[in-house]
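Chemist: Protein chains in written order, with this note's numbering: chain A, 50 to 443; chain B, 58 to 350.
Hints are supplied without guarantee of correctness; some may be wrong.
DSBU-like mimics (lysine-lysine), calculated; alpha carbons at most 35 Å apart, straight line [what the hints assert, rightly or not]: (1) A:351 <-> A:118; (2) B:340 <-> A:190; (3) A:328 <-> B:341; (4) A:334 <-> A:363; (5) A:193 <-> B:334; (6) B:341 <-> A:164; (7) A:73 <-> B:267; (8) B:252 <-> A:73; (9) B:252 <-> A:276; (10) B:269 <-> A:276; (11) B:267 <-> A:77; (12) A:351 <-> A:298; (13) A:340 <-> B:340; (14) A:62 <-> B:269.
Calculated from the structure, these hints are not laboratory results.
So you can see what is in the structure, the chains are spelled out below.
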Amino acid sequence: MASPKIPVDLILKNLAQEAESAQKRMGKATDILLGELDAEIAPTPYTVVYQQDRVRLKHYSSVNPKKIKTPLLLIYALINRETMLDLQPGRSVVQNFLEQGIDVFMVDWGYPTRKDRYLDIDDHVNGYINDIVDFICEKNKISKVNIMGICMGGTFSVIYACLHPDKVRNLITTVTPTYFDIDTGLLNIWMRSVNVDQMVDTYGNIPGDFLNFGFLLLNPARLMIDKYVAFFENMADKTFVENFVRMEKWIFDSPDIPGETFRQFIKDCYQRNLLIQNKMVVGGKRVNLKKLTMPLLNVYGKFDHLVPPEACEKLTAAVGSRDTVDICLNTGHIGIYVSSKTQREFAPKIASWLKDRDMAAAPGKKRRPATSKPRPAKGSAGKIPERKPAAASE
Amino acid sequence: MPEKNGPRKNPEAPAMDWGEMLAQFWEPLMPALSGIFNPLRFQSQTDPKGRMDEALASSAKAWQTLFGSVSDPGGMEHFMKAAQVAPDIAFGLSQACLQSFARFQEQVNTWISKRGAGHAGLDTQELDKAFIRQWTHTYEEELSRYFKIPQIGLTRFYQERALAAADKFNVLQTRMSEFMHLLYLPLEKSFNQLKEKVVEMAETGAVDEKSKTYYNIWIKLLEAQYMKLFQQPEYSAAMGRTLEALHEFSTARQAMVDDVLKIYAIPTQKELDELYKEIHLLKKRLRACEQKG
Numbered sequence: 050m051a052s053p054k055i056p057v058d059l060i061l062k063n064l065a066q067e068a069e070s071a072q073k074r075m076g077k078a079t080d081i082l083l084g085e086l087d088a089e090i091a092p093t094p095y096t097v098v099y100q101q102d103r104v105r106l107k108h109y110s111s112v113n114p115k116k117i118k119t120p121l122l123l124i125y126a127l128i129n130r131e132t133m134l135d136l137q138p139g140r141s142v143v144q145n146f147l148e149q150g151i152d153v154f155m156v157d158w159g160y161p162t163r164k165d166r167y168l169d170i171d172d173h174v175n176g177y178i179n180d181i182v183d184f185i186c187e188k189n190k191i192s193k194v195n196i197m198g199i200c201m202g203g204t205f206s207v208i209y210a211c212l213h214p215d216k217v218r219n220l221i222t223t224v225t226p227t228y229f230d231i232d233t234g235l236l237n238i239w240m241r242s243v244n245v246d247q248m249v250d251t252y253g254n255i256p257g258d259f260l261n262f263g264f265l266l267l268n269p270a271r272l273m274i275d276k277y278v279a280f281f282e283n284m285a286d287k288t289f290v291e292n293f294v295r296m297e298k299w300i301f302d303s304p305d306i307p308g309e310t311f312r313q314f315i316k317d318c319y320q321r322n323l324l325i326q327n328k329m330v331v332g333g334k335r336v337n338l339k340k341l342t343m344p345l346l347n348v349y350g351k352f353d354h355l356v357p358p359e360a361c362e363k364l365t366a367a368v369g370s371r372d373t374v375d376i377c378l379n380t381g382h383i384g385i386y387v388s389s390k391t392q393r394e395f396a397p398k399i400a401s402w403l404k405d406r407d408m409a410a411a412p413g414k415k416r417r418p419a420t421s422k423p424r425p426a427k428g429s430a431g432k433i434p435e436r437k438p439a440a441a442s443e
Numbered sequence: 058m059p060e061k062n063g064p065r066k067n068p069e070a071p072a073m074d075w076g077e078m079l080a081q082f083w084e085p086l087m088p089a090l091s092g093i094f095n096p097l098r099f100q101s102q103t104d105p106k107g108r109m110d111e112a113l114a115s116s117a118k119a120w121q122t123l124f125g126s127v128s129d130p131g132g133m134e135h136f137m138k139a140a141q142v143a144p145d146i147a148f149g150l151s152q153a154c155l156q157s158f159a160r161f162q163e164q165v166n167t168w169i170s171k172r173g174a175g176h177a178g179l180d181t182q183e184l185d186k187a188f189i190r191q192w193t194h195t196y197e198e199e200l201s202r203y204f205k206i207p208q209i210g211l212t213r214f215y216q217e218r219a220l221a222a223a224d225k226f227n228v229l230q231t232r233m234s235e236f237m238h239l240l241y242l243p244l245e246k247s248f249n250q251l252k253e254k255v256v257e258m259a260e261t262g263a264v265d266e267k268s269k270t271y272y273n274i275w276i277k278l279l280e281a282q283y284m285k286l287f288q289q290p291e292y293s294a295a296m297g298r299t300l301e302a303l304h305e306f307s308t309a310r311q312a313m314v315d316d317v318l319k320i321y322a323i324p325t326q327k328e329l330d331e332l333y334k335e336i337h338l339l340k341k342r343l344r345a346c347e348q349k350g
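Next comes chain A alone, as it looks inside the complex:
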């Protein structure tokens, strides 16, 4: 048998060339890193119109005419920060919504301190969110708002919509976990063996860095090695460096999570899966998904490793609303909000969905009936499991 031929000379030659180009790249990279970088995040101007404790409400000013009458309240998760929705010009969900003529408010949960450790889901949902909704309604002289929840914020939005259905006109859930008894998500598997009581009793609030380390462990090969290899290879590209630094700024800007909220979320949702069974109790009241009767748009990512499609897709079948739509996009957990490609379809789709229902809700206007056959979102995995015939549910 002939011995395998390995072009050692070529390999060595390439290695030498790579070393030379790496040296040149480092020279350029030094100039870039020492120079001025535009790595600012959350550039869209806003005004803080309401504040309660650490929680603030941002209102984004827009020069575009309002095409949707009902304001949209964005409720982000308690993990990481809401700045991800306004990462940079051209990659901003907020800017896209403003361009679509939506009046945008966004909850900024701030940085919980030790004194916030006893705040539970009830305090966030029936306290802060409810007060914010009341404020927006009073300010705009309306009785209902549109709500879009993101991830854990989406779960809070679902709970809020069930407990206060009279205050929500339309609900949009994005990458929102509502079904937790799955084996496809590592978080779901890991959270079952975590002693959450011991964790909360030890730390009070759950440290953001602690959670971040957990997220890095979900895929160490990509998140702890490959990502930085890519950075090293592209250090001579100023735009790449700026975008990279922006993402790093966002990823590692992790507020702590109030201990009691974490305890309840992990125990009731991840360990007991109570929400989808209508058994979860918040503020002494049972959360009944059948009371979620407003139109519901449920968006999730096909390649989401944190909240897999299986964790999201059961919601629409469980709620009381008869106007529900599922959209599964060909992207991951963060890609939905920051991928330029996804952005081109995400915001317009939501705006169009809201516009249809906003017009229908306006006095003297009739709601447009839903199409008989659901259509997949452009570029999506084509997964729109079911769409019940639209009917006035309020």
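With chain A held as given, fit chain B onto it using these hints.
Modeler: The following block gives chain B in isolation, referenced to the frame of chain A:
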């Protein structure tokens, strides 16, 4: 055996001479030292004589007495007798020490034999894993007990808390070793797979001269290995144990820190938490009252 030359000398004589000489040496020095260590500036109302002076004088007196007794023929005789039994005492002491050491070694052997008993036919591939597991068990079942010996005396509670923190830290280290070892395994496996892949490529003539190609292959293999590991219950269990050890160490450390905070009259975390809870409950009651009103 008597010496051939000259009269037989008293063997204690040189020691006696030396003792007498030292006693004579200390006698005139005493008043001089007393002057040096007894300046007026060191005197106080509560200590008019000067503590240093007093201590020095008593030490010098003790030395003088000791050397005086050596210079005395009868005293020297006792001293020499004592010196003759010294080797016996030293032997007795060293024997006790050796026996203690032997007992300790015996105990260590017992631990090791106990640990090794269930692994007679151990796979050599699993040796590193077994070593970590055995070390963990050895620490937790044998060594950890020494940190739990009841403490006595006024500071017993403080000592107990310090020992508990040290013990929990050691437990955390053992758990971390186990966890880090698990995280290392995919690296090892992916490198082995990469080597096999390169051989395969060489055999089929598909060798690529770009290093990036091999990096891309390796990172995919590594990712796959990690995904495989993370799905295993063994990993979840190890992670759970490590987290538990981390939390136990944090709690033990906090208890030790609280001791220090109390000394400086700084509120402890527990005290602050109680206060935060009261504020939280008061705010809830206020909110409920406002809603009713």
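Chemist: None of the hints should be skipped; say for each whether it holds.
Modeler: Here's how the hints hold up against the structure:
Of the pairs offered as hints, the one joining residue 351 of chain A and residue 118 of chain A holds, with about 32 Å between alpha carbons and a cut-off of 35 Å not exceeded. Taken as a hint, the residue 340 of chain B and residue 190 of chain A pair is honoured in the structure, with Cα atoms around 28 Å apart against an allowance of 35 Å. Only pairs whose Cα atoms come within 35 Å are accepted, and residue 328 of chain A paired with residue 341 of chain B is accepted, the gap being roughly 24 Å. As the CA atoms of residue 334 of chain A and residue 363 of chain A are separated by approximately 22 Å, the hinted pair is consistent with the 35 Å bound.
About 34 Å separates the Cα atoms of residue 193 of chain A and residue 334 of chain B, which keeps this hinted pair within 35 Å; it holds. Restraint check: the Cα-Cα separation between residue 341 of chain B and residue 164 of chain A comes to about 14 Å, which is no more than 35 Å; the hinted pair holds. Simply put, residue 73 of chain A and residue 267 of chain B have alpha-carbon atoms about 19 Å apart, close enough for the 35 Å limit, and the pair holds. Note on residue 252 of chain B and residue 73 of chain A: the hinted pairing holds, with a Cα-Cα distance of about 31 Å set against a maximum of 35 Å.
Taking the CA atoms of residue 252 of chain B and residue 276 of chain A, the gap is about 23 Å. The hint holds against a cut of 35 Å. Annotation: proposed proximity of residue 269 of chain B to residue 276 of chain A holds, straight-line Cα distance about 14 Å (limit 35 Å). For the hint linking residue 267 of chain B to residue 77 of chain A, the alpha-carbon distance of about 23 Å falls within 35 Å, and the restraint holds. For the proposed pair residue 351 of chain A and residue 298 of chain A, the alpha carbon gap of about 26 Å is at most 35 Å, so the pair holds.
Using a Cα cut-off of 35 Å, the hinted pair residue 340 of chain A and residue 340 of chain B holds, with the two alpha carbons roughly 29 Å apart. With a CA separation close to 14 Å, the supplied pair residue 62 of chain A and residue 269 of chain B stays within the 35 Å bound.
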